[in-house]
Amino acid sequence: MKKIMTGIISLALLLNLTGCGNSSNKTAAEAPKELVVVDWGGNYTDVSKKSRYEPFEKKYNVKIKIVSPTDYGKFKAMVQSGNVEWDAVNVDADFAIRGAKDNLFEKLDYNVIKTDGVDKKFISEYGIGSETFAVAISYNTDTFTESNHPKTWSDVWDTKKFPGARSFQKFAEGTLEAALLADGVEPAKLFPLDIDRAFASLDKIKPSVKSWWTAGAQAPQLLASGELTVAAAWSGRVLAAKTQGSPENVEYNQALIYADSWVVAKGSPNKDLAMKFINFCTTAETQAEFSKLVDYAPTNAKALPLLSEELKKRLGQSTSSATQIVADVQWWADNYEAVDERFQKWLLK
Amino acid sequence: MQHEYSKTNEVVHNKNVPFSNKFKKILDPKWIMILLPIAFILITTFIPMVNLFKLSVVDENGFTMKYLSQVFTQKIYLQVIFLTLKIALLVTLSCLVLSYPISYFIVKLKSPKLKKVILQLIMIPFWISLLVRSFSWIVILQDQGVINSILKSLGLINKPIPLLFNTTGVLIGMTHVLLPYMILNVYSTMEGIDRNLVQVAQGMGAKPTRAFWEMFFPLSVPGILSGSMLVFILALGYFITPSLLGGAKDMTISMLIQNNISNTLNWSLASALALVLFLITLLLLGGLLFLMRNHPALKED
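Read top to bottom, the protein sequences are chains B and Y.
The opening residue of the first sequence carries number 51 in our numbering; numbering runs sequentially from there.
The opening residue of the second sequence carries number 816 in our numbering; numbering runs sequentially from there.
Calculated from the structure, these hints are not laboratory results.
You may find that some hints are simply not true.
Cut-off 25 angstroms, straight-line C-alpha distance, at most; resulting in silico cross-link-like pairs (SDA-like, lysine to any residue) [to be verified]:
1) K967/Y with A274/B
2) K869/Y with G132/B
3) K256/B with E1029/Y
4) K363/B with R392/B
5) K256/B with I896/Y
6) K256/B with V1091/Y
7) K399/B with F1054/Y
8) K399/B with L1012/Y
9) K974/Y with Q271/B
10) K1064/Y with F221/B
11) K395/B with K1064/Y
12) K99/B with V162/B
13) K967/Y with D169/B
14) K395/B with K974/Y
15) K881/Y with A274/B
16) K399/B with L850/Y
17) K399/B with K890/Y
18) K256/B with T1079/Y
19) K869/Y with Q271/B
Pair by pair, the computed Cβ-Cβ distance ranges are [stated by the list, open to error]:
20) G91/B with I856/Y: 44 to 50 angstroms
21) V912/Y with G234/B: 36 to 42 angstroms
22) L946/Y with K113/B: 45 to 51 angstroms
23) K124/B with I856/Y: 22 to 28 angstroms
24) I116/B with I862/Y: 52 to 58 angstroms
25) P119/B with M864/Y: 41 to 47 angstroms
Fair warning: this is a prediction, and the values are worked out from it, not measured in the lab.
Glycine residues also receive a C-beta, built at the ideal position from the N, C-alpha and C atoms.
Using the sequences and the accompanying hints, generate a full structural model.
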């Protein structure tokens, strides 16, 4: 009896296995292709869905699987173990250069990706700028008004005139630039960064820095609750909170501009489709749609005429008194490790 | 079944039986059922660990000691290790101080139903994600948070007490998360102590306090030890809670490891830090067990 039962069970299992093997054939022709896109999560993903992913899915009959947030450690582990699951990945622009040294990316196919309209600053062998974001002076509007609020980084360092707790990102990029500008360095002479001077300047503000934020949502949340009066935060997040009624606002003067870039993971299973996707996201129309939904500026200058005057002003793209400083991504890619180590040490002092 | 086990046992331990016979007995399916899972666990735990630690002495250029020496010579890393140990120790002590009275109280309860209810209440935090709990503490402890608002409206304080973004916040958050582990350990040991012993001591003329300290407390020490070890080791590895609730100075070694894995991608340094953490943990545990090797609590009856 036992032998018969064992025989029946093993036969059933065998049939199951062969059954699995055949199912893929019949649906291959009609099934949409799959593409894995990695981005930063939260509001960024919601906005990207409406302006980039869903239009792309419809146009090319593709199913996009979104993974977030971008984790560089995971990225490296995936590529090194040869088990790559990601296709198009949105990363910091300096990582698009740093990661190339670790051999993490495929070369972008510029036959597929059209770059007319995109500033050369945002184009590199392995990455192309997707949008620019600003690390800007953000303040609580219950404490400071439209006329009386910190307008420069020196104002942020002036704790007598603008009292209250500050917060900066626990990240050297952006924080050092702000410290140098606060110390009086001219924007045109900012890079290469004078690191010693930056840390000396940071020493002055350190007692007032209540928290060092690591997640994009932290600074807007603490500004909204009044825990902080001033912060260096991502403009898009603060403005998103503002439209939902939070008492906070952004000052674009002396905002530090960084870019995010699209890269393709080395060994990606859908490399060609990823190139098509990146091309789609670089077109003026897609970039304009994206900027309409969130206050990040396009990297394709041809997208600007498609935006309203009011929006352009909000993005700081029109000529106004606000001066913004574009960060030198190459300098950061070369110096990131050494500066970060010093930054971690400085935090512990 | 019992009979067969003791037969195998006798055969295996009997020096006069030749080895090949002993071997045949071990190949008996009962033993394989235990050996296979154990081998699986050993292989899937130790091989990845060894690969990880290998990274600390190997980088693109081959064998190098520079990462390990970096950890031991640069002040920042020793500072961070010391801080991590300090926080873990403080958390263990505060958990211990809080959980002992609670466990004792539960043990003293007469109704078993009430005991079950309280134990369930203690377990509820386990159902809630760690991130949610840490963020909730931010809402409670911040300057405009629940505690400070209440104290301010009662007129007890003028300026808000800094309970967040410093070591205090980290301690409160971590104690809250690790308390159930300690309570369960201490409680289960206490529950097993024969209550009659305390009565006997009192019957012999000891005052209640003395009866407690000399009879009950020493018997509860195994629970204290196992609970403390568990909480201490868990606390060493925490990085989300210190990262969210602490200030710039509250940098634990896990936060540094995480930074090196995800941001600088300097995996060799991260591995060196992880190896040092692992060795320190082994040393502390080994040291503790060695010191207590003659303690009656560790001798099994």
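Evaluation of the provided hints:
Proposed proximity of K967/Y and A274/B is supported: the alpha carbons are some 20 angstroms apart, at most 25 angstroms. With a C-alpha separation of about 19 angstroms, the suggested pair K869/Y and G132/B falls inside the 25 angstroms cut-off, and the hint holds. With a CA separation close to 52 angstroms, the supplied pair K256/B and E1029/Y exceeds the 25 angstroms bound. In summary, the hint linking K363/B to R392/B is not supported, as the alpha carbons are separated by about 37 angstroms, beyond the 25 angstroms threshold.
Taking the CA atoms of K256/B and I896/Y, the gap is about 23 angstroms. The hint holds against a cut of 25 angstroms. Taking the CA atoms of K256/B and V1091/Y, the gap is near 30 angstroms; set against the 25 angstroms cutoff, the hint is violated. Distance restraint check for K399/B and F1054/Y: the Cα-Cα separation of roughly 19 angstroms lies within the 25 angstroms cut-off, and the hinted pair is therefore satisfied. Proposed proximity of K399/B and L1012/Y is contradicted: the alpha carbons are some 54 angstroms apart, above 25 angstroms.
Under the criterion of a C-alpha separation no larger than 25 angstroms, the hint pairing K974/Y with Q271/B is consistent with the structure, at around 22 angstroms. At most 25 angstroms may separate the alpha-carbon atoms for a hinted pair to count; K1064/Y and F221/B meet this at roughly 15 angstroms. Under the criterion of a C-alpha separation no larger than 25 angstroms, the hint pairing K395/B with K1064/Y is consistent with the structure, at around 10 angstroms. Among the hinted pairs, K99/B with V162/B is consistent with the structure: their alpha-carbon atoms are about 22 angstroms apart, no more than 25 angstroms.
This hinted pair does not check out: K967/Y and D169/B have alpha carbons roughly 54 angstroms apart, beyond 25 angstroms. Our distance criterion of 25 angstroms between C-alpha atoms is broken by K395/B and K974/Y, whose separation comes to about 31 angstroms. For the given pair, K881/Y sits about 46 angstroms from A274/B by alpha-carbon distance, which is inconsistent with the 25 angstroms threshold. Distance check on the hinted pair: K399/B and L850/Y sit about 51 angstroms apart at the alpha-carbon level, beyond 25 angstroms; violated.
A distance of roughly 11 angstroms separates the Cα atoms of K399/B and K890/Y; the hinted pair therefore holds under the 25 angstroms criterion. A hinted pair counts as satisfied when its Cα atoms are at most 25 angstroms apart, and K256/B with T1079/Y qualifies at roughly 23 angstroms. Distance check on the hinted pair: K869/Y and Q271/B sit about 42 angstroms apart at the alpha-carbon level, beyond 25 angstroms; violated. In this structure the supplied range 44 to 50 angstroms is violated for G91/B paired with I856/Y, their Cβ-Cβ distance being about 34 angstroms.
Against the hinted window of 36 to 42 angstroms, the Cβ-Cβ separation of V912/Y and G234/B comes to about 52 angstroms, which falls outside the hint. The hinted range of 45 to 51 angstroms is not satisfied by L946/Y and K113/B, whose Cβ atoms lie roughly 29 angstroms apart. At roughly 25 angstroms, the beta-carbon separation of K124/B and I856/Y lies within the given 22 to 28 angstroms, and the hint holds. Restraint check, I116/B to I862/Y: a C-beta distance of roughly 33 angstroms breaks the suggested window 52 to 58 angstroms.
Separation of P119/B from M864/Y is about 27 angstroms and departs from the stated range, judged on CB atoms against 41 to 47 angstroms.
Comparing the model with each numbered hint stated earlier shows that hints 3, 4, 6, 8, 13, 14, 15, 16, 19, 20, 21, 22, 24 and 25 do not hold.
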